[in-house]
Amino acid sequence: MPTGAEMETAAVGGHSPLALFWERLRSDRIAFAAFVFLLVVVLAAVFAGPITRLIAHPPNAQYTDHLDPAFGTPTGPSWDFLFGVDTVGSDVFARVLYGARVSLLVAIVGTGIAMVIGTVLGVLAGYYRGVIDTVISRTVDVFLAFPLLLLALGVGSACSLGQGCVNGLIQPGMTTVIGIIVLFSWTYFARLARGQVLSLREKEFVEAARATGAGDVTILGREILPNLVTPILVYLALVIPQNILLEAALSYLGVGINPPQASWGQMIAEATPLFDSAWWYFLFPGVALVLTVLAFNLLGEAVRDALDPHMSRI
Amino acid sequence: MRRLAWSALLIVLVIFLTFLVFYELPSADPAQLRAGRLATPALVAEIREKFGLDRPFYEQFWIYMKSVVTEFDLGYSYYKNVPVREEIFARLPASISVAVGAFVLWLAIALPVGILTALRPRSRTDRAVTGMTLFFLSAPTYWLGLVMLFLFARDIGRFPLVGGAGTYVPLSENPKAWFESLILPWIVLAFGFAGLYARMIGENLREVMALDYVRTARAKGLSERRVVVRHGLRAALTPVVTLAALDLGFLLGGTILVETVFNIPGVGRYAVEAIQNADLPAIQGTVLFGAIFIIFAVLVADILYAVLDPRVRY
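Residue numbers (my numbering), protein chains in the order written: chain A, 1 to 314; chain B, 1001 to 1314.
Don't read these hints as lab results, they were simulated from the structure.
Just to be clear, a hint being listed does not mean it is correct.
[Unchecked claim] Chain B is faced by these chain A residues, among others (derived, beta-carbon under 10 Å): (1) R138; (2) F143; (3) L144; (4) A152; (5) L153; (6) L245; (7) A249; (8) G254; (9) V255; (10) A269; (11) W279.
For each residue, glycine too, the CB sits at the ideal point set by N, CA and C.
For reference, chain A alone in the conformation it holds in the complex (with noise of 0.2 Å):
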């Protein structure tokens, strides 16, 4: 129920979708919570480099005198290493620091991808219709017949053997983990701007346009680009948290990212066989995995709630 001030500014009209979004982050605790911590996740993955230099340690340096002296095993939480260290040493911390690195780069970049392709795809369909449409939906279906952990294993590790895939194009670790995000993504983009145009290009604007002699780049650009934004900014939100949980699970079957290289996933994979002596292992990435993807989805329920009360959850 919007309240009695929320009318009166919705009744002066015109609010840019940035400002709605501010003004509803404003007066949501909850959503507020959320960005603030998801701003400091950020932080800290931009300078995860000078903030272990300040207060930990290289996030690949073995520390093996701080293993257990008797058995080899690793020690907990101390003010050296904040979090622990792992089974060879390194400092914890600095690895899941390093992984929140890793989670936003790949969810952000393969979404970022993801969403152009399927835009693009999404916008001709619905705008050409015919074949193109029908190619396109078409391929759709078959993408979101496929059960989507599995086929992306399969992916993942056909990229990992050897050489990488696609003639070496596509190397395992990074690359191969936003190839499969981007693969498995555009679908959810497609579709959404695909109905959206459907519905917009028998607009009487669009027409208005059409008979001021627009041309179809004129058109899409101009007056069917912008009102897909916010939609398409909506569904954004919703889908980075899905991608930085698949990061993760690919991570921790062994087909993401590859150590040395730190990943939330593969850490509580190496944590895994001794997880009920080692509890600091396991925990710190798992915490730092879910409240990450959390703030997200909070934060995505907000902006959806703010920008698109009639969108239902996907």
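Dock chain B against the given chain A, drawing on the hints supplied.
Then chain B, alone, in the frame of chain A:
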């Protein structure tokens, strides 16, 4: 009929896509992989000849396709040199136990909670469900599984209640031990979905309860319980059926991760072991098996939908 034809076409396309991923993507030579590390060039050449790996792409695809369709032959494992199909079938009961149990639990939670939140919107329960859902959707199943084991497993848990990892026994051997070993995996898999569906059922039900025919039912003097269950719920649940079938794919993906954490000898763990052994035919077989399974599940759901909602025709 058109629906059936589409499913058949989908299966062919899915076979093609799997073939493409596993034959074209890897840069490694399949004959070399099958021959093993110590193979002589003569042996590699012989294998290439025998499996038709020297023939052109389309001929290889035809051979593959024919053996899948006519004999459901999923190829031979590199690692163990046994038919992948047999390996999958042997592990199927465990995976079905995990998935079906989780599915039952998921609906058993979602239905009552959904009805409750619909009848008392914006109540404390409603908000608690929203919060729990977001948390369980944000936490990866494998990490949640570790936390559960850390807390509740009989061998290492802080509050030993149920069997831990690797205690799975088939249902036919010992139903009690079977149930105890699976209760944690079910919870981990089902909770996120249960919350999501509770919200969805709640939203649908709320909309339906505002419709005219529900008012008519009330005006006829029916009891509130009868109005909700017979008139409201039926209409509210129909769209959920289709979505549940689509989400089976996610459930299947979740099963892979859960089987890995809890050490359950199912198809998912087979796939993960195959990845670790670089056993491409085994991965390929599981991917294809999963995809075909999902296509059938969606088909069944569509037919069910048409039965439940007489307005739908295919």
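Comparing the hints with the structure gives:
1. For A:R138, the interface hint holds, since its Cβ comes within 10 Å of a Cβ in chain B; the closest pair sits about 9 Å apart.
2. Taken as an interface hint, A:F143 checks out: its beta carbon lies about 9 Å from the nearest beta carbon of chain B, inside 10 Å.
3. Annotation: A:L144 was flagged as interfacial toward chain B, and the flag holds, the nearest CB pair being 8 Å apart, inside 10 Å.
4. Checking A:A152 against chain B by beta carbon gives a least distance of about 8 Å; that is within 10 Å, so the hint holds.
5. Among the interface hints, the one on A:L153 holds; its C-beta lies about 6 Å from the nearest C-beta in chain B, closer than the 10 Å criterion.
6. At its closest, the beta carbon of A:L245 sits 6 Å from a beta carbon of chain B; the interface hint therefore holds under the 10 Å criterion.
7. Given hint, A:A249 at the interface with chain B, holds; its Cβ is 6 Å from that chain's nearest Cβ, closer than 10 Å.
8. About 6 Å separates the beta-carbon of A:G254 from the nearest beta-carbon of chain B, less than 10 Å, and the hint is met.
9. At about 6 Å, the closest approach between the beta carbon of A:V255 and any beta carbon in chain B falls short of 10 Å, and the interface hint on this residue holds.
10. The interface hint given for A:A269 is met, as the beta carbon of that residue sits about 8 Å from the closest beta carbon of chain B, less than 10 Å.
11. Because the closest C-beta pair between A:W279 and chain B is about 7 Å apart, less than 10 Å, the hint holds.
The structure shown violates none of the earlier numbered hints.
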